[in-house]
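Novice: Read top to bottom, the protein sequences are chains P and Y. With my numbering applied, the first sequence covers 1 to 473. With my numbering applied, the second sequence covers 474 to 634.
Honestly, I wouldn't trust all of these hints.
Unchecked claim - Not the full set, but computed from the structure, chain Y residues with beta-carbon under 8 angstroms of chain P: (1) Gly496; (2) Asp539; (3) Leu541; (4) Ile546; (5) Ala551.
As the list claims (entries may be wrong) - Taking lysine to any residue pairs in the SDA-like style, the calculated list, with each CA pair at most 20 angstroms apart, reads: (6) P:Lys285 x P:Asp234; (7) P:Lys102 x P:Glu228; (8) P:Lys225 x Y:Ser554; (9) P:Lys225 x Y:His549; (10) P:Lys144 x Y:Ala551.
To be verified - Pulled from the structure, derived: some chain Y residues nowhere near chain P, Cβ distances all over 10 angstroms: (11) Arg488; (12) Ile503; (13) Lys505; (14) Lys510; (15) Val517; (16) Ile555; (17) Leu618.
Hints were generated in silico from the structure; no laboratory data involved. Every residue gets a Cβ at the ideal spot worked out from N, C-alpha and C, and that includes glycine.
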Amino acid sequence: METDIVAGAGFGVGFWVSIVVFAVTFALIISEKLHRTVIAFFGAMTMLIAGMIFDFYNGEQAISAIDFNTIGLLMGMMTIVAVLETTGVFQYLGILTAKKTKGNPWFLIVALGTLTSVLSMILDNVTTIILIVPVTIIIARMIKISPLPLLIAEAILSNVGGTATLVGDPPNIMIGSVADFSFNAFLVHSLPVVTVVWFVTLAILRIVYKKEISQQPQNVDELMKMNEKEAIEDPRTLKIILGVLALVVLLFFVHHKLHLQPSMVALIGAALALILVAPRTDPQKIFEKLELSVLAFFGALFVIVGGLEHSGVLNYLASLLVDGAAENPVMTAIIVLWASAILSAIVDNIPFTVAMIPVIAFLGAQGVDVNLLWWALVFGVGFGGNGTPIGSSAGVIVVSKSEQTDNPISFKEWIRVGGTVMIVGLLVTTGLILLFHEHLSNEDIAGQCPSYLSEPTEKCPDAGGDMEIKVGH
Amino acid sequence: MTINGQDIAIKDVMREPTIVESGMAFRDVIKKMIIEKTNSLVVVDADGVAIGMVNPKSLIKHVVPDYLENDSIAAHFATESIFREEAAKVADVAIEDFMQKDISTVKADDTLMQAAVVALESGQVRIPVVDENNKPIGLLTRTELKNVIGAFLDIEESFSK
Numbered sequence: 001m002e003t004d005i006v007a008g009a010g011f012g013v014g015f016w017v018s019i020v021v022f023a024v025t026f027a028l029i030i031s032e033k034l035h036r037t038v039i040a041f042f043g044a045m046t047m048l049i050a051g052m053i054f055d056f057y058n059g060e061q062a063i064s065a066i067d068f069n070t071i072g073l074l075m076g077m078m079t080i081v082a083v084l085e086t087t088g089v090f091q092y093l094g095i096l097t098a099k100k101t102k103g104n105p106w107f108l109i110v111a112l113g114t115l116t117s118v119l120s121m122i123l124d125n126v127t128t129i130i131l132i133v134p135v136t137i138i139i140a141r142m143i144k145i146s147p148l149p150l151l152i153a154e155a156i157l158s159n160v161g162g163t164a165t166l167v168g169d170p171p172n173i174m175i176g177s178v179a180d181f182s183f184n185a186f187l188v189h190s191l192p193v194v195t196v197v198w199f200v201t202l203a204i205l206r207i208v209y210k211k212e213i214s215q216q217p218q219n220v221d222e223l224m225k226m227n228e229k230e231a232i233e234d235p236r237t238l239k240i241i242l243g244v245l246a247l248v249v250l251l252f253f254v255h256h257k258l259h260l261q262p263s264m265v266a267l268i269g270a271a272l273a274l275i276l277v278a279p280r281t282d283p284q285k286i287f288e289k290l291e292l293s294v295l296a297f298f299g300a301l302f303v304i305v306g307g308l309e310h311s312g313v314l315n316y317l318a319s320l321l322v323d324g325a326a327e328n329p330v331m332t333a334i335i336v337l338w339a340s341a342i343l344s345a346i347v348d349n350i351p352f353t354v355a356m357i358p359v360i361a362f363l364g365a366q367g368v369d370v371n372l373l374w375w376a377l378v379f380g381v382g383f384g385g386n387g388t389p390i391g392s393s394a395g396v397i398v399v400s401k402s403e404q405t406d407n408p409i410s411f412k413e414w415i416r417v418g419g420t421v422m423i424v425g426l427l428v429t430t431g432l433i434l435l436f437h438e439h440l441s442n443e444d445i446a447g448q449c450p451s452y453l454s455e456p457t458e459k460c461p462d463a464g465g466d467m468e469i470k471v472g473h
Numbered sequence: 474m475t476i477n478g479q480d481i482a483i484k485d486v487m488r489e490p491t492i493v494e495s496g497m498a499f500r501d502v503i504k505k506m507i508i509e510k511t512n513s514l515v516v517v518d519a520d521g522v523a524i525g526m527v528n529p530k531s532l533i534k535h536v537v538p539d540y541l542e543n544d545s546i547a548a549h550f551a552t553e554s555i556f557r558e559e560a561a562k563v564a565d566v567a568i569e570d571f572m573q574k575d576i577s578t579v580k581a582d583d584t585l586m587q588a589a590v591v592a593l594e595s596g597q598v599r600i601p602v603v604d605e606n607n608k609p610i611g612l613l614t615r616t617e618l619k620n621v622i623g624a625f626l627d628i629e630e631s632f633s634k
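In isolation and in its complexed conformation, chain P is listed as follows (with noise of 0.2 angstroms):
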């Protein structure tokens, strides 16, 4: 096999089309003149129509390029959220979690950061942002103190907290369907990682936060006094909805198991939500929180990249890698973590992870130990959105909604705390990886079936025979 890919190769015509249509659509994704999912539809019809012409790609092996578990995963949750949002459980556990702090400044980071951290760690980021960022700027108004640090730290450690699980992240779960990583492999491999990353980001936060913590609260009785109750406007959908949540998670947990995907395990629930709480009700309205424009962009980047695998461009640059990657693991791990980082932190890590993939998956499939390389792209993309207001959603989203507070964040003073998050806890992280590199290069937990392998293993007897990067096997 391994030959194989190597003749793959050619430079021929389409070769070179196929890196001009992706530099092009790719330059413009990150250009951000145009809004990225036109571009990238645009981008993905004109790669799928020049592999035609070229003969490098069919409309079926595009088919095949799209990670269907990915957009079933990311389905599957948005449609269990668009119901949980509505239920008020997010200002609840807000207001809750304040209370717990009686208004003390760093408690309240600790607290609702920790909130916001664990609840990014099952559902997206962006929503626990936008339900919580209203209620901690009504209380931080209510006590007098300024809301900037919690709105920092809100966002921040959702990007920390949801680097840790498999389903914390779109880029997490891309990486985790093609190298074929369990929930729980993220829980033994990236959890410990983020959780040492977590405890050093929350002392940044208390060092360069110091002035604002020291602020006395007022009027804490009338924080006391709020009612977390008067938030649940309808206690049986929420019941409902957590139930089906609790399913989910324990299904995750056990997921490999069952030799469930984790897409099967959140439409599983999707379908629960939307059966047990409204069935006789067009499920429109719910679905329309979906968001489409994104699962769109990642699909039409999914055939982008396709297009370039099926050139040989993408296995072209694997085998150019792999005899560095093979010789010294660790030192690569080290460089993908940190370019992958400081990437996020400037452009969209989707686009980034997307386009990373096959190439770790090529390195893996010509029979480089990839499992660490996975884990430093998870980690890198992952603290890399927190380096700059842009770097991640949850971070546009606190600034804008900043803005009409009395202390709106701005670039500057978010690069002041987010960088030195980003830095710091990427030489964490390196640390972590020249010490643990055998622990998270470790097969028995990770990576048992992962798409790209070339031929059968003990533990995967039909893999190989099919060089192309499925995923959904």
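Dock chain Y against the given chain P, drawing on the hints supplied.
Specialist: For chain Y alone, kept in the frame of chain P given last:
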């Protein structure tokens, strides 16, 4: 204006618009609306061309901070003092910054059905009537459209002041 047997056009039923010039401050706008007991102002530029409208919704929308706009659950916990502070914050904002732009208008010789459809399509219940230079010469509100329907159904009280 006779209704039975005769066509009624927009110009027959429209009311006198309350016109203000751009640059007016939020506080003065709301004062004018309260004193003149009107819920809609047509905003014109220095040349008298209609550039926007203000109604109570524009005022409310400008007072409510963005972060609460889509979160009625969180707003439940916002105290009155927050509302008061937000209102004070916007008192000096110029009308251009909170008026409704891109307004739908009709011409005096357009049909009433057209005005009704414009009202439905735009979701804008008050439609300025403009001349060929886009200068406001009248206003159609829900009241006028309701009275037109009343007149069609021979309800005598329609259009009685």
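Novice: If a hint holds in the structure, say so; if it doesn't, say that too.
Specialist: Each hint tested on the structure:
1. Gly496: Where the cut-off is 8 angstroms and the nearest Cβ of chain P is about 23 angstroms from Gly496 (chain Y), the hint is violated.
2. Asp539: Holds, about 5 angstroms.
3. Leu541: holds, 6 angstroms
4. Ile546: holds, 4 angstroms
5. Ala551: Cβ of Ala551 (chain Y) sits 5 angstroms from chain P, so the hint holds.
6. P:Lys285 x P:Asp234: holds, 17 angstroms
7. P:Lys102 x P:Glu228: holds, 14 angstroms
8. P:Lys225 x Y:Ser554: Status holds; Cα separation ~16 angstroms.
9. P:Lys225 x Y:His549: Satisfied, since the Cα-Cα distance of roughly 13 angstroms is no more than 20 angstroms.
10. P:Lys144 x Y:Ala551: Cα-Cα ~13 angstroms, so holds.
11. Arg488: holds, 36 angstroms
12. Ile503: holds, 20 angstroms
13. Lys505: About 26 angstroms separates Lys505 (chain Y) from the closest Cβ of chain P, which puts it past 10 angstroms; holds.
14. Lys510: Check passes; 31 angstroms lies beyond 10 angstroms.
15. Val517: For Val517 (chain Y), whose nearest Cβ neighbour in chain P is about 29 angstroms away, the distance exceeds 10 angstroms, so it holds.
16. Ile555: violated, 6 angstroms
17. Leu618: holds, 29 angstroms
Of the numbered hints stated above, those contradicted by the structure are hints 1 and 16, listed in ascending order.
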